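Okay, here's what each chain looks like letter by letter:
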Amino acid sequence: MRYSIFSLARNALSYHEKWPEAWRSPAPKPAYDVVIVGGGGHGLATAYYLAKEHGITNVAVIEKGWLGGGNTGRNTTIIRSNYLWDESAAIYEKSLKLYEGLSQDLNYNIMLSQRGVLNLAHNEHDLKELSRRVNAIRLNGIDSEILTPTEIKKLVPIINVSPDLRYPILGASLQRRGGVARHDAVAWGYARAADAHGVDIIQNCEVTDFLVEDGQVQGVETTQGAIRAGKVGVVVAGHASVMAAKAGFRMPVESHPLQALVSEPIKPVLDCVVMSNAVHVYVSQSDKGELVIGAGIDAYTSYGQRGSFHTIEGQIGAITELFPIFSRLRQLRQWGGIVDTCPDASPIISKTPVDHLYFNCGWGTGGFKATPGSGWAFAHTIARDEPHPINAPFSLDRFSTGVLIDEHGAAAVAH
Amino acid sequence: MFLIECPWCGPRDETEFSYGGEAHIARPVGGGHDMTNAEWGHYVFHRTNPKGLHRERWVHSHGCRRWFNVVRDTVSHEFLLIYKPGEKPDLPALPKSPEPPDGPGR
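So the protein sequences, as listed, match chains A and B.
So the first sequence is residues 76 to 490, counted in my numbering.
So the second sequence is residues 26 to 131, counted in my numbering.
The set of hints was computed from the structure by calculation and includes no laboratory data.
There's no promise every hint is true.
Unchecked claim - Straight-line alpha carbon distances no greater than 30 Å define the calculated DSSO-like cross-link-like pairs of lysine-lysine that follow:
# : chain 1 : residue 1 : chain 2 : residue 2
1 : B       : K109      : A       : K426
2 : B       : K76       : A       : K203
3 : A       : K104      : A       : K93
4 : B       : K113      : A       : K321
5 : B       : K76       : B       : K109
6 : A       : K228      : A       : K172
7 : B       : K113      : B       : K76
8 : A       : K426      : A       : K363
Fair warning: this is a prediction, and the values are worked out from it, not measured in the lab.
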């Protein structure tokens with residue numbers, strides 16, 4: 076069924092009790108052309124673009140839990156493409172462009188809100204670095220501009236631009252096309268659209284091993300039996316190393332907890348995203364009125380989906396300094412996800428030492444913004460057995476050639 | 026929040042320590058002049074990143090400032106062994122890791 080004002084009106088007459096399910100829940104077939112391991116946003120987007128762009132519809136997405144139950148449902152939903160290096164700009168801008176048309180493309184409202192993303196500068200070096208980045212971004216044809224403290228105050232009246240701050244706000248960059256989207260809707264929209272193309276979405280089914288013969292992948296072993304596949308794409312975020320070990324190689328990633336929290340809901344006070352690299356916190360206000368707050372990873376490796384209290388304490392300290400009115404708010408929820416961080420803070424979308432086995436991982440703390448572009452490029456890599464020029468620089472072999480894409484510090488905030 | 030038993034100072038709060046990554050990664054013998062780029066890449070960038078027991082280094086930055094090694098479960102976060110540099114006791118039996126409180130997820 077196509078979602079529209081008419082289908083809404085029609086279903087209102089039947090008290091919304093007759094909406095059809097958004098996607099099927101089929102039993103796995105014995106064999107597929109392509110199996111995608113991981114039913115998060117990136118995996119579902121990959122399946123959708125395999126069907127839409129490459130006509131490959133005999134595809135299964137295998138998810139051990141529920142759709143979007145991992146990092147897709149745990150992130151702070153920020154979307155932006157203000158990256159320094161050309162390679163990053165290309166893939167993140169591709170992603171932002173896809174986001175801009177995604178609700179129409181999927182016939183599913185992902186609630187994209189291009190409310191602008193502010194990145195604050197707190198010292199002379201920050202300001203110079205920000206100017207350099209804004210210039211680089213504009214040379215790549217992406218919108219970005221510098222704001223003075225007065226302009227920042229006009230845009231965000233509740234922010235504290237007093238020069239008496241421990242780390243005063245001296246300026247900011249603004250990407251007006253940046254913003255937020257509803258993270259669950261991105262997963263659900265891709266799932267529904269992929270399902271409409273014939274993709275089988277199989278939840279509560281864990282991939283336990285790979286079937287490999289003569290150096291070529293033949294399928295996967297799962298908790299619901301073996302599934303043969305011509306090609307296998309693995310998009311499992313924090314568990315990339317675990318899956319790579321099953322296939323017999325290592326990934327240059329380490330898994331860390333990344334925590335986020337929301338405040339109790341309040342009336343609208345903040346209509347853009349504010350990020351700060353130096354004091355390290357980012358915040359936006361959700362449609363429900365909660366402040367969605369995040370910062371950096373916990374230092375140690377973990378698969379436990381939780382982190383330490385002092386990490387939360389640090390970001391709360393930063394946010395109450397920038398926004399004194401937030402100091403009276405109570406925290407409503409706090410949670411953690413497991414992010415796979417690369418040494419150069421850039422992702423891996425690549426072929427692997429095993430033929431027809433592909434990995435998409437290493438997105439670290441910034442994967443949500445890249446969901447459409449990541450799926451789009453990964454689908455191309457799987458369909459053609461070679462990377463698209465957009466993701467060729469993000470191959471696994473950069474860790475032996477040394478051609479790293481060093482986005483540490485180059486990104487607007489540890490991403 | 027961890028309570029970490031420094032081998033020299035005893036149990037202290039996690040905030041006094043810094044994490045030092047995977048332990049027992051030996052520098053290439055003889056400077057590694059005959060190593061390939063792939064071998065160098067492996068040494069510099071690739072880590073085991075296990076789900077379960079992990080040998081790793083910590084340093085008591087805001088205490089005695091000395092390094093030590095631990096075996097920690099990366100799911101339960103339990104510190105199972107703490108030992109000084111130069112030592113390498115056998116791994117203990119893997120305790121049963123509880124699932125995270127909010128369900129299996131990933």
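Hint by hint, here is what the structure shows:
Of the supplied pair hints, the one linking K109(B) and K426(A) is violated, its CA atoms being roughly 40 Å apart against a limit of 30 Å. For the given pair, K76(B) sits about 41 Å from K203(A) by alpha-carbon distance, which is inconsistent with the 30 Å threshold. Distance hint between K104(A) and K93(A) is fulfilled; the C-alpha atoms sit about 29 Å from each other, no more than 30 Å. At roughly 26 Å between alpha-carbon atoms, K113(B) and K321(A) fall within 30 Å of each other, so this suggested pair holds.
The suggested pairing of K76(B) with K109(B) holds, with an alpha-carbon distance near 23 Å, which does not exceed 30 Å. Our distance criterion of 30 Å between C-alpha atoms is met by K228(A) and K172(A), whose separation comes to about 29 Å. Between K113(B) and K76(B) the CA atoms are separated by roughly 20 Å; this keeps the pair inside 30 Å, and the hint holds. Only pairs whose Cα atoms come within 30 Å are accepted, and K426(A) paired with K363(A) is rejected, the gap being roughly 41 Å.
The structure fails hints 1, 2 and 8 (numbered hints given earlier, in ascending order).
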